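Visitor: Given next are the chains, with one letter for each unit.
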Amino acid sequence: MLHYQGVHHRYGDLVALHDLNLEVAPGEIFGLLGPNGAGKTTAIKIAATLLRPTSGRVLLDGIDVLADPLGAKRRLGLTPDTPFFYGGLTGRQFLRFVGNIREMPSAPLETRIAELMAFFHLDDAADSAILTYSMGMKRKLGLASAVLHRPKVLILDEPTSGLDPHASRDARALLVSLRDAGTTVFLTTHVLQIAQAVCDRVGILDRGRLVAVGSLAELRAREQEDLEDVFVRVTRPGSEESDPA
Amino acid sequence: MNALAHHQIARWRSLAGELRAGRTQWDALLGTVLSVPVMLLVGYWALGDWLRLSTALVDRAGLDIMVVISRVLVGVLFLAAVPMLLAATYRTIYPEGELALLRSLPIGRVQLFVLRFVPCGPMVAMALLPAFLMAGATYVRVGSAQAVVWLALGWLLLSTFGGAVVFALAVACGGLRSARTGRVLGDALLTVGLLAMVALFAWTRYFVQTEVLVRGLSDLAPGLRIIPQALSIFVVPQGGHESLRLLAGLGVSLLVLCGAARFDDFALQRAWGSPWTSRRTASRGPTRRPRFEWLPPQTRALVVKDLPEIRRSALALAILLLFTLMGYLGLAQVTGRTLGAPTPPPWKALMWTALPHVFFLWIVPAATLLDVSLEERQSFQFLRGLPISLSRVLWVKFWVSWIPIVVCGLLLSLGLAWAGTTGAGTAAALAAGFVPASAVGTMWALLAGRLTTPTRGSGTGAAPFLLYSVALWLPVYGVVSYASLQAGRRASAEVGMAAALVFLLWQLPLPIMWRRLLRRWELS
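Top line first, the protein sequences correspond to chains D and S.
Counting in numbering that gives the first Met the number 0, the first sequence tops out at residue 244, every number present.
Counting in numbering that gives the first Met the number 0, the second sequence tops out at residue 523, every number present.
If you are wondering where the hints come from, they were derived from the structure by calculation, not from laboratory data.
Just so you know, not all the hints are guaranteed correct.
SDA-like, lysine to any residue: derived pairs with alpha carbons at most 20 Å apart [what the hints assert, rightly or not]:
no.: 1; chain 1: D; residue 1: K151; chain 2: S; residue 2: L385
no.: 2; chain 1: D; residue 1: K137; chain 2: S; residue 2: L382
no.: 3; chain 1: D; residue 1: K137; chain 2: S; residue 2: Q380
no.: 4; chain 1: D; residue 1: K151; chain 2: S; residue 2: P386
no.: 5; chain 1: D; residue 1: K137; chain 2: S; residue 2: T298
no.: 6; chain 1: D; residue 1: K137; chain 2: D; residue 2: K151
no.: 7; chain 1: D; residue 1: K151; chain 2: D; residue 2: R74
no.: 8; chain 1: D; residue 1: K137; chain 2: S; residue 2: L509
no.: 9; chain 1: D; residue 1: K151; chain 2: D; residue 2: E22
no.: 10; chain 1: D; residue 1: K137; chain 2: S; residue 2: S378
no.: 11; chain 1: D; residue 1: K137; chain 2: S; residue 2: F381
Chain S is faced by these chain D residues, among others (derived, beta-carbon under 7 Å) [stated by the list, open to error]:
no.: 12; residue: A47
no.: 13; residue: R73
no.: 14; residue: L77
no.: 15; residue: F96
no.: 16; residue: N99
no.: 17; residue: I100
Values in this document were obtained by computation on a predicted structure and should not be read as measured data.
Each residue gets a CB set at the ideal place from its N, CA and C atoms; glycine is no exception.
So that you can see chain S by itself, here it is in the shape it has in the complex:
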């Protein structure tokens, strides 16, 4: 156990040493040092602005609008973060290469998992932080004693609980497994979590008055308020049959996807070959005409290689589907009426809550798809040995990752307009904001140069990508809030200009990141 702990500490020290010694890291470090205070300032400003705007809205529209807004914000963030983090954390428990070494050493499996447990709590805590900040800012006065209690009770207790659940599952599900098995179990865990969500939805919708719970708990410790708020996402204000069908469809789709992934792994492990590759190829014979022949050869090579990986990752597909439908449901809920009703929603409330949601919802799937598409350290070396330029590799990966996200985003916008939840103009505005934001987010994730994936080797899980997404989301949120606060009317021009400014600002670090990655690609 001590040896393992020392090994871990040595790895951290080694990383710190590399940072100190490697001149190539300094620009990245400088970028981080500069960007963190900016992010904190913008985040603080956005939260303060949110509080002021909340008060103004409550004064004018009454408490109901706050309930609707907060439950959507908190509910979506919370429910999005928990299953993703549980699944992602579970994967990191099984680093395949390291495990091979550890298995040959006389270490008990419980000891091994205790060590693995250490990162689980902080990872869950990181994922929950935005949700708790939002909830706290809504219900607790910043700087008050209540805020301290809220943070201490809510954040620490729930994150510890989350970490403990992961730990218990890891040990209970048994022993030392490969990263691949861990991945399947992570997917299964996600499915179970989602089925539980569907059941909770049915329960809260038909048997529990969530609003009563919220009010009843309001006199208790502030930290406990997060729990009914998180559940309140399942309540559609007027009528819920369509939402129920949406969630049921989502559950079934995920079951199918995870089943496919399980079968894929099952077949691979038994040397049957992948049903997505081997059988199709074999049935058409070895001289089968290669796909995508209209593409240039190098582009074709990368596309043909990456597509099966993305298709085979049930988690990537599941999250894409999950976030599409939850985004749709969330936006429908914020209008506070039955899906498809003709009355248009209040514009300001819609913009205020919908736009950040869309940005957040689409950056996370973007990161997930990228996560699959990125190269491991070894494959990065392998590609470096081939006659292909880094820019070609990056652009192909960009298009492969970004196009499906754009298609889904546009489908969401069209779906909203079709259902009458938003007007065609608002849907177009959402799409226009989403397209450039997802493009920048995609390039950010690529250039950040993460060379490992959670599905293989020593993956670091999805937590960094969640943080990227939150980081991208915060300034957009601030800008939109500011524009809404300033405008007592439709402020399309201001919002557009602010979004363009954010878009431009986020592009500034890209050249630095490009040069950093290029140095790793070229002779180093």
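Bound-form chain D, shown alone:
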């Protein structure tokens, strides 16, 4: 469903992604882990058509995102690490805006907005300006706008950052229910517990290289490690997996 094929990207002299090859299967929750500056956000931006890779290509539902960015955008939902909102609009107006841009018919759109507002407990604030929302409420609104059109691929950059424990649990439940409904979820996170709780497979990115990939069971197979141990081992400077040489 989401296929990175030899994706390489550099910012000036800094190489952000080294020849990334990765395939995310349909209906799978894939977690991309990595320390700060590993290249996670760059990988997400390329898949979301916001950044042109130096070389390589990304296929999203069989569509080359470079060749048909609009087609790719119609199929994906995106929540960046710092989502943007028009502060003067109300939550409902913002979701209406996104739904109209996605050309959703009016009646189903209104129903879906009401459904999502209820799910994220934003009903009371639905008709207040976003300017007055807390950080957590904005996060929830960002998630709601990403899943509004029931995308085939959902890309989330740090989806639970800024959420309280209740909202975080709701978000995890949402991801699982989306997966069960056939949506492919590609997320990055620093919170390894979330990866352990919801991801079917994870990849660990370090200094632009994919140093480990597999199901949780596969990654933990060598020793009796938990995900944190694996993460620390493969991303430690000088470790065999992380050494570019």
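Here the structure of chain D is known, so what remains is to put chain S in place on it, guided by the hints.
Guide: Relative to the frame of chain D, chain S by itself:
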């Protein structure tokens, strides 16, 4: 303080570095390099032509016509520029995101504002430059020692004074405020300035003979002449009651608008929601039928999003109203008679002064509306992530910005014809010139790709838009002056052809600008 200065310098260096490194910037740079000499040449030619024509007119019609023309030109330009720039500059003092960072650092607020003061002077100077050039060209021989004195005294002193006023207000009004608060204060400042204008009008109209002041100061330093000239806009040659009512109405309208804006901000800051959005939506329930359903969904989304922003910007509305009424007043003044009098004005004088005015007056509100409608850098990124094309976004923004301007422009033309200030034919000619010029100006401003607004984040103020408007105005002015100079009769055909030529010339850079913006929109 040093750290802040270094931070600022680093930002400039970074910008220069981006320009050097970014291949996508080269075409824009090339366009600028090519267009600046052309603009200077046309400006120089227009000013020289103006001087020659002024002399010819004075010889034939006497000094009075020069007084009328110059006071309208200088007065409108000066008075239009000062409140706008004061308000715009005040806004840039409060860049919200940057302020959050600076507030967490051990920097005194006075130090912060001293640094903020640095751009105030140049911004005011930039805005005043056209007015001073016009006044200088009228009263001072180009290349003479007087011109140097005029520039040194008039321009530098007044711009420094303007910057100092902004600085003093910023510090006096206190502390570190959000961009939103800065915006409200800027609007309030504009209102106060406008009320002062109304008071000045009443004072000069009924208690002071401005012409006496002008003549009395003529033997003094040339730079000082700008002051009574700027005030002379308030004097209607014969009878002023209608003008007084116009300005009083303008003041009241602005008060209402600014009051609405204040209430809007007040409500938002207290989490009441906007009275323009929240209450209306809530009162009709969550399943309220969306507006503009007859529009295609993507167009509807952008229109519904942008309209409240424009409506909520008291400054945009106030400037629209201000320029409409001042344009009307200026055109009435140039005829040198009571509003509504039956005698037709001299055609040449009207064309010579009215047409550039109309172009200038309408490009500035166009830029102001666009300013609200343009996207910030972050929202630009957000829109890029959605399945919508850049051309769709631009066209919707074009129509949303341009239609109100056209409606107001046509109303102005109709109002002039109705009041008998111009004939129906002249009013139609003004409208015919204004419509394409405002369309090109609107598209220019959109394609210039400014992704920030003064009302949010790190806005750069209205100064660039003023410069755009002046840049657009100069060649039109030159063409009209040339046509008037050449024709001892009504030169409608020549003026029409010249205006069409300018219109076409200004369209030439649009494809380059389009490609530049497209590269930023698409995968970069």
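Visitor: Taking the numbered hints from earlier one at a time, note which ones the structure violates and give those numbers from smallest to largest.
Guide: 5, 6 and 8
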